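Visitor: Sequence:
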Amino acid sequence: MIYANEPSSWQDLQQKVCDILAVCGCESAVEKTIATVRGDVSVDVYAADHAIKPSLTYICECKYWSTPVTKTIVHSFRTVVADSGAHLGYIISRSGFQSGAFAAAQNSNLKLVTWAEFQRVFLDRWKEARYEQLRPGLEDLFEFYDYFCAPIGNAINGKKDGREERLAEFEGLIRKYSLQAAANPWNRMMAEQRFPPSLPFEAGEAATFADYSSLFDWYEQETIAGLVEFNAFVSKYQTAPAGQFDA
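The opening residue of the sequence shown carries number 27 in our numbering; numbering runs sequentially from there.
Keep in mind that the hints were calculated from the coordinates and are not lab data.
No false leads were mixed into what you were given.
Across the chosen pairs, the derived CB separations fall in these ranges:
| id | residue 1 | residue 2 | range |
| --- | --- | --- | --- |
| 1 | Glu231 | Val63 | 53 to 63 Å |
| 2 | Arg146 | Ala61 | 23 to 33 Å |
| 3 | Ala194 | Gln247 | 22 to 32 Å |
| 4 | Ala232 | Met27 | 19 to 29 Å |
| 5 | Arg201 | Glu57 | 43 to 53 Å |
Straight-line Cα separation of at most 25 Å, PhoX-like style, residue types lysine-lysine; simulated pairs:
| id | residue 1 | residue 2 |
| --- | --- | --- |
| 6 | Lys202 | Lys262 |
| 7 | Lys137 | Lys97 |
| 8 | Lys153 | Lys137 |
| 9 | Lys185 | Lys262 |
| 10 | Lys58 | Lys97 |
| 11 | Lys79 | Lys153 |
| 12 | Lys186 | Lys262 |
| 13 | Lys79 | Lys58 |
| 14 | Lys137 | Lys58 |
| 15 | Lys137 | Lys79 |
In this text, all values refer to a predicted model and were calculated from it rather than measured experimentally.
Glycine included, each C-beta is placed from N, C-alpha and C at the ideal position.
Model the full structure from these sequences, guided by the hints.
Guide: This is the structure:
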């Protein structure tokens with residue numbers, strides 16, 4: 027799942043739905059007023075999906091109820107979706123749907139889903155989009171793993187004195203951020219290092235992750251931390267422009 031925990035409120039449900047669509051590349055908004063043939067209507071979540079061609083529009087109704095959604099709600103929302111010209115409507119229910127609700131949605135562009143089902147619809151696309159957000163940082167971090175490449179090579183080899191100590195410090199950083207380095211696009215091609223890993227995932231002693239949202243957030247935070255530490259290493263030990271070595 028993208029999020030392992032259930033939303034804590036109806037506002038949280040709306041925001042998480044909006045966030046999922048935003049990561050997937052949609053222009054999304056919570057509680058947006060839209061025009062329909064019957065006048066303006068406020069919808070829980072509106073999204074314009076320009077990431078695919080032709081672009082689509084989605085309207086989402088979020089029901090954080092303790093009881094199943096009724097067919098009356100489905101009929102009402104079906105009218106809103108049709109009158110707005112939206113391509114697809116989702117009713118996302120915390121407690122499922124009455125049997126009559128599914129009949130009311132037949133032969134329409136409505137999808138009746140639970141919170142878990144909605145996440146599964148967008149899961150693969152969300153993971154790829156989230157990875158693309160991380161990719162520049164992962165690539166920058168992996169540059170430091172090339173011992174013979176600037177700027178890390180000069181920082182390690184710039185002076186003969188203390189080289190072993192500098193190399194040991196460098197190898198410590200390599201180990202510390204090995205998971206982030208393995209997630210870079212080149213290593214990702216290798217099946218044994220495929221990213222993201224399956225859940226639940228234990229990141230050494232750091233944490234155990236039960237959902238992709240927290241896992242990707244951790245990779246992002248640790249990648250930023252790794253870039254800071256490697257750049258500090260270079261700043262501390264670099265003695266000459268890249269490619270030049272002191273005696």
